[in-house]
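J.: Taken in sequence, the protein lines are chains C and U. Be aware that the first sequence starts at 1, since it is given in the working numbering, and climbs by one per residue. Be aware that the second sequence starts at 1001, since it is given in the working numbering, and climbs by one per residue.
Since the hints were made in silico from the structure, they are not lab data. Please read all numbers here as calculations on a predicted model, not as lab measurements. Please note: incorrect hints may appear among the correct ones.
[Stated by the list, open to error] Per label pair, the in silico range of CB-to-CB distance:
no., chain 1, residue 1, chain 2, residue 2, range
1, C, 482, U, 1117, 31 to 37 Å
2, U, 1081, C, 136, 52 to 58 Å
3, U, 1081, C, 19, 56 to 62 Å
4, U, 1028, C, 467, 51 to 57 Å
5, C, 609, U, 1106, 33 to 39 Å
6, C, 53, U, 1041, 43 to 49 Å
7, C, 608, U, 1116, 40 to 46 Å
8, C, 460, U, 1116, 49 to 55 Å
[Claimed, not checked] 30 Å max Cα-Cα, derived BS3-like pairs, lysine-lysine:
no., chain 1, residue 1, chain 2, residue 2
9, C, 358, C, 413
10, C, 364, C, 242
11, C, 364, C, 385
12, U, 1056, U, 1135
13, C, 4, U, 1056
14, C, 413, C, 364
15, C, 278, C, 242
16, C, 278, U, 1135
17, U, 1135, C, 151
Backbone N, C-alpha and C fix where the C-beta goes; we use that ideal spot for every residue, glycine too.
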Amino acid sequence: MQMKYLRINLTQHTTSIVPIHKRDVERFLGGRGIAARLLSDHISLGVDPLGADSDILIATGALNGTPAPSSGRMSLAARSPATGLYLKSSVGGRFGSRLRFAGVDGVILTGCSEAPCVLVILDGAVQFISATPIWGSDVFETVSWVNGQWKGAEVLSIGPAGERQALMACVMSGTFCAAGRGGLGAVFGAKRLKAIVVQGTGSVAVESPEELMRASLEIRRALANDSTAQVLSAYGTAGFLKSTNESHALPVDNFRRAFIEGVETLDGTALVSQGYVKRRSGCSSCTLGCHRIMQVNNREPRSLSGGAEYETMAALGAGTGILDPVIVLKANELCNRYGLDTISVGSAVQWAMECFEKGLLSRKDTDGLALRFGDSGILIPLIEKIAAREGIGELLANGVRRAAELLGDESWKWAVEARGLEQSRIDTRTAKAHALAFAVNPRGPDHLHAQPLAEYGDGRGAVAVIASVTGDPRCADPISLSRRAEIVRWHEDLYAVCDAIGMCTFATLWSYVVGPEDLVRLYGAASGQFLSTGELLLAGRRIVTLERLMNVRLGLSQRDDRLPWRLMNESADGALVDGACNTEEELKTLTSQYYELHGWDEKGRPTDACLRHVGLAEFGLGSTRR
Amino acid sequence: MKRLVFDPEACILCESCVLACSLAHEGAVSLSRSRIVVTEAIHLHGTMAHVCRQCKDTPCVQSCPVDALIQDKGTGAISVNRERCVACGACETACPFGGIRIDQKRRDVLVCDLCSGDPRCVQVCIPGALSFSDKGNIPCK
């Protein structure tokens, strides 16, 4: 399998072709793997994430553009302006497949455009176009402008939040899919890159078409028959909101509570029954189709938005106590339009509410808004202010860590972030594998690098995974501290493989119907590179290890492998287990076991022996390679 | 006669049918080489599939100036005599449904051949937007 990247210099407005070495394709597979490999030559403490010398990688998955099931995801990578660390953010939609049809496997963006610009990639040829007509436009307007000029094109773009370099700004794929976390939108904004448009009329080669079709059909059918996948299809990720609440594991009121009465109104089932789901929408080649287009047109405020995901409904709705779906869907639309990460925005709103409650913020700081838990009147104006960076919005736009630094006092204690990234809506205090996975996640406490859902033991597939990884099905217990390192590492390995080949982890690591052996088949049929499941998972570990190495180079050590202060020091009311916390001691135990399993030293640095084992010997910290 | 029947309500625009069709016919995946095209009808408001409907009055066959198109009497599928076809585009213009297309780059005609009675697009369409059935309410003569 040959891969070709485009290096696009935004300062010079020049492009060149970068062939990817065959050995790197074999070792890193594609997508997130190739992104990590290419960025590893460049990323360093000297690179300002928002400066002209930072690079952004856009890397298609190795299966993007093929009929392999749920194979529409691609990865973006850069040094995060929010965390200062390595950032991978993956996104669905159709951009990845279109890029491959345009004959390009990925893009390396360097430099910084003098004037706002749009990149147009038509069958591999790049044009630089002035973004003046759409600078300041929201994402919906931008997509519509693009569609008016390039029919059927796909687009990545930022909204006003990214233009203003808000550190919670995301990059949107199409109208409704987001590479949300870590502030990539701000990096685009700093480069004055408004959008990338792609059209492709070429083809994507497949090594064994018949086998790929056979494997795809079998896996699609298996997914269609799985009950978890069926919930995802019917109700989206928001279909798990009510059950998470019923398990007393839903972060509410800035992680002070684990349950809220009346959350059913925001659950995926209610969104369907209330008629807010306009239609389902599948990413490229995904017949699971968990994404949906939401429309409210019978009540004010009317809205049109994508998702609406569990994380969004939990962060903007349940967590803020705002349980009116019409308000939360409007908030979701505004985040889509302005290009804001819904998790970070929800977290910032809840942090501000708590500051208001504790008297650190008053009406004169909030432009007259009384930021009270459950007040549905404040959510929309707050989001408007964040996107515009006006008043209180200026304080919140860079995330809760920076907001707490500015506000001072003890407000950092309820800034629910680690490393500068707001935590996803999982209560890690009662999910110990998640606690470890979040603590060691290269980009911060978030679910999209390894989401070890199997620890809950929901369903036969999950229990089978735990049994095979740990040797003991009783380890499928979220409160248990036993064998968490093994569980996390297996999920990490497979997650990295999925990101590399472009498979959605909702198909693999949620229902657990699709396993490593299926990915081996799909990847082998598409690429001609037939790996054993062990080799495949080792490729995943290689990617995880290289990402860790980059972070170590950027100054990360074991003291950064932690969770937000609140989760380590305070328990949640109404939690599944009374008094549950992710204590210092607990995290120390979990991370030490995890380092040992990986072959990293006590400071969490990959040892030479580990690097040799995963095939990264030349990347060692002591090597001449930067 | 069995036809490809499309349910716009069930389609989620994942393009699985398009990807599978081109792979099955070309051995490589390509949007521009698929015999079926699925589009958003009006921005976000619905979906449309453009694929051969095996019409009885065959405007494509009738319009062909070089007699390169033939309809199979049993299945209704249109086949192309590639030696005769000059890719003039008359069939594309004549078809009211966008069911037959010219690939301008390769100068040839793309039309559904029903995959010998087991269409790949239907196989991959788990949401059930496509079916191969004689019970469709497709407007065609």
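J.: Does each hint hold? Answer for all of them.
T.: Hints, verified against the model:
The supplied range of 31 to 37 Å is broken by residue 482 of chain C and residue 1117 of chain U, whose beta-carbon atoms lie about 55 Å from each other. Between residue 1081 of chain U and residue 136 of chain C the Cβ separation comes to about 56 Å, which falls inside the hinted range of 52 to 58 Å. At roughly 41 Å, the beta carbons of residue 1081 of chain U and residue 19 of chain C sit outside the given window of 56 to 62 Å. One distance hint, 51 to 57 Å for the beta-carbon pair residue 1028 of chain U and residue 467 of chain C, is violated here, with the actual separation near 41 Å.
The hinted range of 33 to 39 Å is not satisfied by residue 609 of chain C and residue 1106 of chain U, whose Cβ atoms lie roughly 54 Å apart. One distance hint, 43 to 49 Å for the beta-carbon pair residue 53 of chain C and residue 1041 of chain U, holds here, with the actual separation near 45 Å. Distance hint check: the CB atoms of residue 608 of chain C and residue 1116 of chain U are about 58 Å apart, inconsistent with the given range 40 to 46 Å. Separation of residue 460 of chain C from residue 1116 of chain U is about 38 Å and departs from the stated range, judged on CB atoms against 49 to 55 Å.
For the proposed pair residue 358 of chain C and residue 413 of chain C, the alpha carbon gap of about 12 Å is at most 30 Å, so the pair holds. A distance of roughly 37 Å separates the Cα atoms of residue 364 of chain C and residue 242 of chain C; the hinted pair therefore is violated under the 30 Å criterion. For a cut-off of 30 Å, the pair hint linking residue 364 of chain C to residue 385 of chain C stands: about 15 Å separates their Cα positions. Of the pairs offered as hints, the one joining residue 1056 of chain U and residue 1135 of chain U holds, with about 16 Å between alpha carbons and a cut-off of 30 Å not exceeded.
For the hint linking residue 4 of chain C to residue 1056 of chain U, the alpha-carbon distance of about 47 Å lies beyond 30 Å, and the restraint is violated. Restraint check for residue 413 of chain C and residue 364 of chain C: satisfied, since their Cα atoms lie roughly 23 Å apart, inside the 30 Å limit. For a cut-off of 30 Å, the pair hint linking residue 278 of chain C to residue 242 of chain C stands: about 21 Å separates their Cα positions. About 27 Å separates the Cα atoms of residue 278 of chain C and residue 1135 of chain U, which keeps this hinted pair within 30 Å; it holds.
For the hint pairing residue 1135 of chain U with residue 151 of chain C, the CA-to-CA distance comes to about 34 Å; that exceeds 30 Å, so the pair is violated.
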